[in-house]
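Quick note, the sequences are listed as chains R and A, same order. For the first sequence, the residue numbers in this note's numbering are 1 to 266. For the second sequence, the residue numbers in this note's numbering are 1 to 248.
It should be emphasised that the hints constitute simulated quantities derived from the structure, not laboratory data. Some hints here could point you the wrong way.
Restraint ranges, calculated between C-beta atoms of paired labels, are given here [to be verified]: (1) A:G168 to R:E171: 17 to 27 Å; (2) R:P103 to A:D94: 25 to 35 Å; (3) A:R112 to R:I150: 18 to 28 Å; (4) R:M139 to A:D73: 51 to 61 Å; (5) R:V30 to A:E134: 28 to 38 Å; (6) A:G111 to R:I150: 22 to 32 Å; (7) R:I15 to A:R125: 48 to 58 Å; (8) R:V132 to A:H180: 37 to 47 Å; (9) A:L198 to R:V210: 53 to 63 Å; (10) R:L234 to A:G168: 35 to 45 Å; (11) A:D24 to R:L4: 37 to 47 Å; (12) A:D133 to R:L29: 24 to 34 Å; (13) A:E134 to R:E231: 48 to 58 Å; (14) R:E171 to A:D94: 17 to 27 Å.
Sample of chain R residues with no beta-carbon within 12 Å of chain A, all distances over it, derived [said to hold, decoys possible]: (15) R17; (16) W142; (17) F182; (18) G226.
Beta carbons: idealized from backbone N, C-alpha and C, even for Gly.
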Amino acid sequence: MTWLIALNGVVVREILRFVHQRERFLGALVRPLIWLFVFAAGFRAALGIAIIPPYETYVTYEVYIVPGLIGMIQLFNGMQGSLSMVYDREMGSMRVLLTSPLPRGFLLFCRLLAGVVVSVLQVYAFLAVCWVYGIDLPMAGWLTVLPALILNGLMLGALGMLLASHIKQLENFAGVMNFVVFPLFFLSSALYPLYRMQEAGELLYWLCRVNPFTHGVETIRFALYGQVAGESLLVLGGALLLFLGLAIRGYSPARGMGSRAPSAAG
Amino acid sequence: MHPDVTALAVEDVRFAYQGKPALDGVGFTVEPGRFTALLGPNGAGKSTLFAIATGLLQPQSGRVRVLGHDLADDPVAALAHMGVVFQQPTLDLDLSVVQNLRYFAALHGIGRSKADARIEAELTRLAMFERRDEKVRRLNGGHRRRVEIARALLHRPALLLLDEPTVGLDLPTRRALIDHVHALARTDDIAVLWATHLIDEIDPATDRVVVLHRGGIRAAGTVLEVNRAAGASTITETFDRLTGGVAA
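Sequences are here, hints too, so could you generate the full structure?
Right, dumping it as structure tokens:
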């Protein structure tokens, strides 16, 4: 019971914080919509997509990139979570969390799950816009995609948490965004199917294949059509466990509060 | 509450930052119903000690016990009895006072209705209940500190740790906070550890002091005892002698 109350408290706080930051909500929604309305509109003529699973017929480019853009929302949300953990650490509120009488791993997991809840809300807002815009997605997909969203959100959140435990100062954050977000996003199946990448070069193709974000996007893509992408699901789960384990280790008291010991002055 | 058990026992704690010792065999106790001042100039190791006493940092050797619970072996039980006010502000600025307090109560497993009752009681005690729905961003430094003290007491801790809580506050606000926490120790039988480098925050008649300097304990006991041991007549003089006159 204590654990549930704590989990609920952390999730409510995260939602309240999100609601209070209207710009963040708009930003989270506008970014994928620009890709959808502008980028996809321009590319639909240039890029034809062959019939590949889970699609059973030719699909428009907009339909193809929706799972990628969902992944993008969650990717940015994971990084936002990372930023807010570094911020909380600098501002001190991470101390309040970590001095609560609950196992540290559980507290970090609460924090992670709270971020996922926020990202899932963003994804559904995005799906609603897609629906209004007339993008053809199966209605049942709204439900079947949920487990994939939770899993992908957890994986990206854990990655963000891992990064946060290694970022010493808030100022270093922009660099991390460039070196993490862009490669993860562009070296994935979010914008183009991997067979296209294979045509471009084996190395690029290989990089895309080992990118956990690719597998997050594919898990979402298949889940939207009520299917399970077996290999992607396994890679996604493995990446989640790896990142989560390393992140929790990063916050162990033996290492201080996420790689940053308190200043010795005082 | 727990009459026979020491509220906080720090035993031979050692900690070094990259080989540079910050705490070198530190040990002392904090008793229920007493206000213990951890007195030390800047750089003495107070913040490191605080991080260790709250479990944020693990000492390289030594132990910390809270009501007999070892912080390393049983952190959950130890932390459940501890209220902390950090030197840095730790409230969410964009949330209201009550939202901040409910979040904290939840972290301690206190359900909504019980939490609301305790929030009302603690805020009323600090004359902040009327402002419960205001965003913390709109409060001044003194009021934010009061909210943090109310927060640290929501789960009825036996031990209250405060790390230089008066930093940045004006004199009357500072005085009021010091008096409030002294009263808490007396009336609620709470063991208080108050880290400071300001001697005037100590009440010579009732407080115990622990003098920390360059990572080591230089004196510990009642004000009278440490003065006598240092051959001084006032705590200011004692502090100057023990720290080589680097006091504020």
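Outcome of the hint check:
{"no.": "1", "hint": "A:G168 to R:E171: 17 to 27 Å", "result": "holds, 23 Å"}
{"no.": "2", "hint": "R:P103 to A:D94: 25 to 35 Å", "result": "holds, 28 Å"}
{"no.": "3", "hint": "A:R112 to R:I150: 18 to 28 Å", "result": "holds, 26 Å"}
{"no.": "4", "hint": "R:M139 to A:D73: 51 to 61 Å", "result": "holds, 53 Å"}
{"no.": "5", "hint": "R:V30 to A:E134: 28 to 38 Å", "result": "holds, 31 Å"}
{"no.": "6", "hint": "A:G111 to R:I150: 22 to 32 Å", "result": "holds, 26 Å"}
{"no.": "7", "hint": "R:I15 to A:R125: 48 to 58 Å", "result": "violated, 30 Å"}
{"no.": "8", "hint": "R:V132 to A:H180: 37 to 47 Å", "result": "violated, 56 Å"}
{"no.": "9", "hint": "A:L198 to R:V210: 53 to 63 Å", "result": "holds, 57 Å"}
{"no.": "10", "hint": "R:L234 to A:G168: 35 to 45 Å", "result": "violated, 53 Å"}
{"no.": "11", "hint": "A:D24 to R:L4: 37 to 47 Å", "result": "holds, 43 Å"}
{"no.": "12", "hint": "A:D133 to R:L29: 24 to 34 Å", "result": "holds, 29 Å"}
{"no.": "13", "hint": "A:E134 to R:E231: 48 to 58 Å", "result": "holds, 53 Å"}
{"no.": "14", "hint": "R:E171 to A:D94: 17 to 27 Å", "result": "holds, 22 Å"}
{"no.": "15", "hint": "R17", "result": "violated, 6 Å"}
{"no.": "16", "hint": "W142", "result": "holds, 30 Å"}
{"no.": "17", "hint": "F182", "result": "holds, 29 Å"}
{"no.": "18", "hint": "G226", "result": "holds, 36 Å"}
Violation of the numbered hints given earlier is confined to hints 7, 8, 10, 15; the remaining hints are satisfied by the structure.
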